[in-house]
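Chains as they are written, first to last, in the working numbering: chain A, 175 to 267; chain B, 47 to 189.
One or more hints might be untrue.
[Claimed, not checked] Okay, the calculated bits of chain A under chain B, using three or more residues with CB under 8 Å as the criterion: (1) 208-217; (2) 236-243; (3) 246-253.
[Stated by the list, open to error] Beta-carbon label-pair distances, calculated as ranges: (4) Q51/B x H190/A: 30 to 40 Å; (5) H190/A x M47/B: 47 to 57 Å; (6) I128/B x K232/A: 23 to 33 Å; (7) R64/B x K242/A: 26 to 36 Å; (8) E202/A x N152/B: 43 to 53 Å; (9) L246/A x N152/B: 35 to 45 Å; (10) Q57/B x K252/A: 38 to 48 Å; (11) I62/B x E202/A: 36 to 46 Å; (12) D245/A x T93/B: 12 to 22 Å.
Hints listed in this document are in silico derivations from the structure and should not be mistaken for laboratory results. Predicted, not measured: the structure shown is a model, and the values here were computed from it. C-beta atoms are modelled at their ideal positions from N, C-alpha and C, and glycine is treated no differently.
Here is how the chains run, residue by residue.
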Amino acid sequence: MSNESVKTETKPEHEHEHEIFVGDIREEWRQNQVLASEIMIKAGVSDVTSFILEALDKRNGKAVAEFKPTDLVDLTLKDRKFFRITPGGGGFS
Amino acid sequence: MDESQLPALLQEALQILRAERMDKARVDAIVDNWIYLWLPDVVFEETKYPPPHNRGLWVRIPLQFPFANPHGIITAEPLNPIDGHSIKGHNPNHDICAPVRNLGGNQYYSWTWSGEIGPGPSLRNPRDILGVISWVERRIRQA
Numbered sequence: 175m176s177n178e179s180v181k182t183e184t185k186p187e188h189e190h191e192h193e194i195f196v197g198d199i200r201e202e203w204r205q206n207q208v209l210a211s212e213i214m215i216k217a218g219v220s221d222v223t224s225f226i227l228e229a230l231d232k233r234n235g236k237a238v239a240e241f242k243p244t245d246l247v248d249l250t251l252k253d254r255k256f257f258r259i260t261p262g263g264g265g266f267s
Numbered sequence: 047m048d049e050s051q052l053p054a055l056l057q058e059a060l061q062i063l064r065a066e067r068m069d070k071a072r073v074d075a076i077v078d079n080w081i082y083l084w085l086p087d088v089v090f091e092e093t094k095y096p097p098p099h100n101r102g103l104w105v106r107i108p109l110q111f112p113f114a115n116p117h118g119i120i121t122a123e124p125l126n127p128i129d130g131h132s133i134k135g136h137n138p139n140h141d142i143c144a145p146v147r148n149l150g151g152n153q154y155y156s157w158t159w160s161g162e163i164g165p166g167p168s169l170r171n172p173r174d175i176l177g178v179i180s181w182v183e184r185r186i187r188q189a
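Only chain B is shown next, with the shape it has when bound in the complex (with noise of 0.2 Å):
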């Protein structure tokens, strides 16, 4: 996908992303000011979920980030923590998967930034995209 028609601090961010994180970040899609971003190497707790514990997900991030918030992960299967609980925020099938329904996607998470479990922080730097990423880890180990 051409990604230089994107802002130049989503650009940066991807940039820092690849160099520093995942190497085989993509945009996937590019829809309604969202970009679908694939990751393709997040890890799952091994103590909460079977293997494998690296996998790809997308991730939709605003174009207007940093300054405006992460919102949402999709993935190809559902998230099957080891001990069977229902997670929050599980949409199987919904609208929003259809950008990348093609590449697998089918499971969308509605997780947002802010909300019940507590503020998330204000972004305002491309590197914060690492921190995003980490986020994206920790609310999988902590669903």
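Just chain A, with the same shape it has in the complex (with noise of 0.2 Å):
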């Protein structure tokens, strides 16, 4: 469900970081693509193997992307400011 082509930011990466928001928890990353298991490690989570990393369009607002632990997140594309760690699986009975 991501679109990763649409981008809101060329400044090359060493000219700023990217603050982001992981639920409340705030990070700053100076390069422009992070893996999501290393955002959600950051916030605290120290088993991502689970867990899902969800792009919101706002502070706690809707998925609009999502990324498995072993995924790279481009920080300089709209809607990847605000963050939400949602547990992964399933199965049915």
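With the hints as a guide, bring both chains together as one complex.
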């Protein structure tokens, strides 16, 4: 569901840091692309394997993209400022 | 419903849910070690479901939460994806709906925390109730 083609910033990454929020937790990243697992670990998740990182359209908003731990998140794109960590997995009985 | 007899950690989870996500969430039934928790404002993905995109539903939470996992949701109307595909785990008019049938609950989706889709994370904290809500929304989005 992610759309990684809509660029909103074109500055080289050394010119600024990306400020993001995972829930209420603030993070800063110097690089433009970060592994979802690194974002979740920085937010305090010790075992990221069964979690999904969701990008939100606004603080506490709706999910507009999701990332597995091994996915790269491009922080230069639209809707890459607010995130939440959602349990992954599931099944049927 | 009197929630004072619920386990302390579950009461704490409900307080967190109401304070931080859904202030109108309520417990509509307690049956067989499960609560039927009404979530009034669950987000349905606009590209996959027709309006309304905020709907109420019940999620079954164990009394032992957070040391046991949610199991199943109940809706008044069937989930109705725009493309018309059938949704796994759908059990219309299942007995599990009985505790909330008088409130309109009719459609049981027997979704488990872990299974074919993958393992769900261990729950250990009352705050994990917030993750349960986003899990429900994601399951609906991925259904």
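Check: Of the numbered hints stated previously, which ones are contradicted by the structure, given in increasing order?
Finding: 1, 3, 4 and 11
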